[in-house]
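K.L.:
Okay, here's what each chain looks like letter by letter:
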Amino acid sequence: MSAGHSAPPPRIAAWLLSRIVPGSRREELLGDLEELFMAQHGRRGAAKARLWYWRQAIAIAANVMRARRRQPRPAGDSFMETVAQDLRTAVRSLMAKPGFSGVAIVMLSLGIGVNATIFSWVNSVLLNPLPGTRQHHELVQLTWTFKGDTLTSFSYLDYQDLRRQTKLLSGLAGRDDLSVGIVIDREAERAWSEVVTANYFDVLGVPMTIGRGFRPEEDLPGTAVTAVISHDYWQQRFAGDASVIGRAVRINAQPFTIVGVAAPGFKGGESGLAFDLWLPMGTQPIVMSGGSRLEGRGNRWMSMLGRIAPGATVAQAQAELNSLVAGLRQTFADQGRYVDQHIVLFTLDRAPSGSVSVLRPVLLILMAVAAIVLLIACANVAGLLLARASARQREIAIRLSMGAGRARIVQQLLIEGTLLAALGCIGALIALRWTSGLLVGFTPPSELPIEMAVTIDARVVWFTAALSIVTVLLFALAPAAQAAPLDLASALRETGTGGFNFGRHRMRRALVVTQVALSVVLLVGAGLCLRSLQAATRMTPGFDASQVTVGWLDLFSAGYSPDEGRAFYARALERVRAIPGVEQASLGRRVPLGFTGGSSSDIRIEGYTPQPNEQPIIGLHYVASNYMSTLRIRLLAGREFTDADVNDAPRVAVISASMARRYWGERDPIGGRFALGGRGEPQWITVVGVVDDIKQRSFNERQTPHAYVPLMQFYSARSVLTVRAAAGIDITGDLQRAVREIDAAVPFYNIGRLSEQTKAATFQQQMVADLLVVFGVLALVLASVGSYGVLSYLVGMRRREIGIRLAVGATRADVFRLVAANGVRLIATGVAVGLVLSIAVGVGLESLLIATQPTDPVTYAGVVGMLVIVAAAACVLPARRAAALDPIATLREE
Amino acid sequence: MHRTPPPILGEFEQVVMLALLRLGPEAYGASVCAEIEQRSGREVSVSAVHTTLDRLEQKQLVKSRIGDPTPQRGGKRKRHYEISSLGMKSLQASYRSIRTMAEGIEHLLGEWA
Chain F
616 MSAGHSAPPP
626 RIAAWLLSRI
636 VPGSRREELL
646 GDLEELFMAQ
656 HGRRGAAKAR
666 LWYWRQAIAI
676 AANVMRARRR
686 QPRPAGDSFM
696 ETVAQDLRTA
706 VRSLMAKPGF
716 SGVAIVMLSL
726 GIGVNATIFS
736 WVNSVLLNPL
746 PGTRQHHELV
756 QLTWTFKGDT
766 LTSFSYLDYQ
776 DLRRQTKLLS
786 GLAGRDDLSV
796 GIVIDREAER
806 AWSEVVTANY
816 FDVLGVPMTI
826 GRGFRPEEDL
836 PGTAVTAVIS
846 HDYWQQRFAG
856 DASVIGRAVR
866 INAQPFTIVG
876 VAAPGFKGGE
886 SGLAFDLWLP
896 MGTQPIVMSG
906 GSRLEGRGNR
916 WMSMLGRIAP
926 GATVAQAQAE
936 LNSLVAGLRQ
946 TFADQGRYVD
956 QHIVLFTLDR
966 APSGSVSVLR
976 PVLLILMAVA
986 AIVLLIACAN
996 VAGLLLARAS
1006 ARQREIAIRL
1016 SMGAGRARIV
1026 QQLLIEGTLL
1036 AALGCIGALI
1046 ALRWTSGLLV
1056 GFTPPSELPI
1066 EMAVTIDARV
1076 VWFTAALSIV
1086 TVLLFALAPA
1096 AQAAPLDLAS
1106 ALRETGTGGF
1116 NFGRHRMRRA
1126 LVVTQVALSV
1136 VLLVGAGLCL
1146 RSLQAATRMT
1156 PGFDASQVTV
1166 GWLDLFSAGY
1176 SPDEGRAFYA
1186 RALERVRAIP
1196 GVEQASLGRR
1206 VPLGFTGGSS
1216 SDIRIEGYTP
1226 QPNEQPIIGL
1236 HYVASNYMST
1246 LRIRLLAGRE
1256 FTDADVNDAP
1266 RVAVISASMA
1276 RRYWGERDPI
1286 GGRFALGGRG
1296 EPQWITVVGV
1306 VDDIKQRSFN
1316 ERQTPHAYVP
1326 LMQFYSARSV
1336 LTVRAAAGID
1346 ITGDLQRAVR
1356 EIDAAVPFYN
1366 IGRLSEQTKA
1376 ATFQQQMVAD
1386 LLVVFGVLAL
1396 VLASVGSYGV
1406 LSYLVGMRRR
1416 EIGIRLAVGA
1426 TRADVFRLVA
1436 ANGVRLIATG
1446 VAVGLVLSIA
1456 VGVGLESLLI
1466 ATQPTDPVTY
1476 AGVVGMLVIV
1486 AAAACVLPAR
1496 RAAALDPIAT
1506 LREE
Chain S
41 MHRTPPPILG
51 EFEQVVMLAL
61 LRLGPEAYGA
71 SVCAEIEQRS
81 GREVSVSAVH
91 TTLDRLEQKQ
101 LVKSRIGDPT
111 PQRGGKRKRH
121 YEISSLGMKS
131 LQASYRSIRT
141 MAEGIEHLLG
151 EWA
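In order, the protein sequence lines correspond to chains F and S. Residue numbering for the first sequence follows our numbering, beginning at 616 and increasing consecutively. Residue numbering for the second sequence follows our numbering, beginning at 41 and increasing consecutively.
Don't take each hint at face value.
Examples of chain S residues lying across from chain F (beta carbon under 7 Å, computed) [claimed, not checked]:
1) 70
2) 73
3) 103
4) 116
Since the hints were made in silico from the structure, they are not lab data. Since the model is a prediction, treat every value here as computed from it, not as a measurement. Ideal placement from N, C-alpha and C gives every residue a C-beta, glycine not left out.
Between the sequences and the hints, there should be enough to build the whole structure, so can you do that?
P.N.:
Written out as structure tokens, the structure is:
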């Protein structure tokens, strides 16, 4: 037993023993074993000693276990002990019925999983709209309301005035998106930037990973040309190299120096968009086309984010800002500024821009839908549990008669439910890893840097867990409540197949009606959205997107002056029109029905006197020659633009039909004149043509006045090449070549079919319809399984009655009718209730519907038809089984 | 005054008690096991020895105290056992009854006796 032989005893056995042996004897027992093990080790060798140790350990363990079992168990003494006991019972009873348990767990996983998925989207889109910002619930977006419209743009002077004077905002920052051309190591590419006020990172609470943020003086033009890049961009483009600080890059043909890398996770100041870099306000005049926007009170272009000061409320801050606006209104009374304009603050989850504004209505609908799916799943599981509860009535009655408290029985049933829900919850969380990412699949095609990534954080997990607890109350309480007031004597007498318990049947019937009604609601919702999409594809938005290819040109980042730009446009159109297969080609500043908004302008019209308080305002579009024929917009009068409408030709415009109606009425608009801007010396523009109204932003929009002006006369350095080609010809490569041959330095990007780009207009409908169809079918399957289950169960309960009926002369057809009628009545009630509820749902969906009434008869007829088929399937099988019963056998059963 | 007779010991209890008597102050779980093994030649289960010692202590036939930790035992302390006066009477009574029962028939038990 020398020190040289001192090998430790088998570690696992020693550990096990230390867990098993009660504390009072543990030390000396393990000590004795170790001492004897050493002796064995010295005498007989390691292997035999270890074997000996294990043998001893097993003997001890067996002994301890035996001793424990002999100890009298204080049954049901403490709450935790009864829970543990019930949990063991629950595990046993679930394992005894794997079929039942499996179905119940799958249904709960579905119900909980659907909700967890939608919540993970809500969590990412609405509850954490600007990831990477500190205390984002303190952040607000500032907007103007003006005669019922919400406008998100402010002038830089507005920003300076409000920021200087506000006390209830601890910070106020301005920002605007800008697509830029960036050259890194002589390699040119596109990037998305935000032009921001220097305090932007401080207000949002975004630290730098390395380097610095912007300094206050960088708001002033001509001070510094610096940029901060995003963590992602740093990783992708610079491989996370710290030497990026101080690197020189060219942005929109200007030399810039990278001074900082923002914290990981921060994407920018607009929800759902991921920006690559940030440029300080002082660089605005050199990176944006159209010169400096830092002067001029009417030059509203940037959006503003504020942080509510500690202790202040959103309402107080809003009141303070409006009192500041009132001051400005007085100061600029001679110019008539700020009249009828008020500031409204939106918390980020209600922001009127970004993915929040697009997805909020969709997500709210989906939340409701997911809740309905969960209710159906719960109704289904409740049905299953009820069926089992009936089968277990005798077990429960015996337990009651042996002295178990009713509370204890209810506890047992609730614990079984909790176990099911917990397993469902786990299933849902496993599925969530995959389903939460499905949101990305809905990303619409757009030139914007849309990022719809969903992260699963602790909040999602907690929500899922909490929801599971709610489901327990929903599905397990009903059977438990039913067990509690059970009449002992009658339950013991009952044999389980012959008797009737109408109360229970009422509850089961109610469950079927609920499920059917809820699935009708979902199917109607899905149907209405599908009809909307159908209507949208049938609808002519006033232009023909088929066979049109579009691509974005950025002359500004290539350093073009307006004159050089006009020359480029003329050459580009000439070349593109010469490509074989090209029928028409033009340029516009945006695509109709795309995600990016157009511009609008106050106007004055010759010969039209506005009402008091009326400010004529129109949507304004900058387009090149042949635009109308390229998009096949119907020309109602006059002419469209030609190559003759150049910069030194007279200013001309083509107006929309609603503009002609609104401002010219009975007069002939051709030859009429209007001017942009509400004051000053008018620069008259002559109307040369009238075209049909087209849908500019959405299929649901009201027709408002619009005018088109020649791009050559109202120059824009950014434009969309819009080309119609002959059917079946892909001209993408030809277009790229044409642009490259004129000037390879001009960025030409985001090239694609116009019909794809206009999908942005039906993005919400598409998303709701896709998900509602999935959920609706899911609901229908669940409901039909549930109905089938309940009907089969009822047939089982009435075997004896059916047997007697057959024995005394009822035909099998009579029995079939009896059972089928029973089922049909149930499902019909469900459908009726569902249709009534659907009308309310249709009204809720109305804002998303396109040319579809909330009471669309086709949808309702389709859903009812579908339900008839399902009802038939759910009723026929049990009815046939009932009709096939052998009366002798059923009567002998007892 | 009523006197309860000392409890009768089982066979293994007697063996353990005799081992305690032999070992004196050096009596603790491991030494008891080793002593029995050495003298009787049979492998004893540590579990059985401990259970027996526990039971004897419950019946107040032995007393125990915690000793000092020793390095051979991985620094774990021993529990030393000592026969109580009641235990001594029990052992005497048990041994006496065995002896009385065997008196005169030793030849029948063969050479072992």
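K.L.:
Among the hints numbered above, which are violated by the structure, and what are their numbers in rising order?
P.N.:
Hint 3 contradicted; others consistent.
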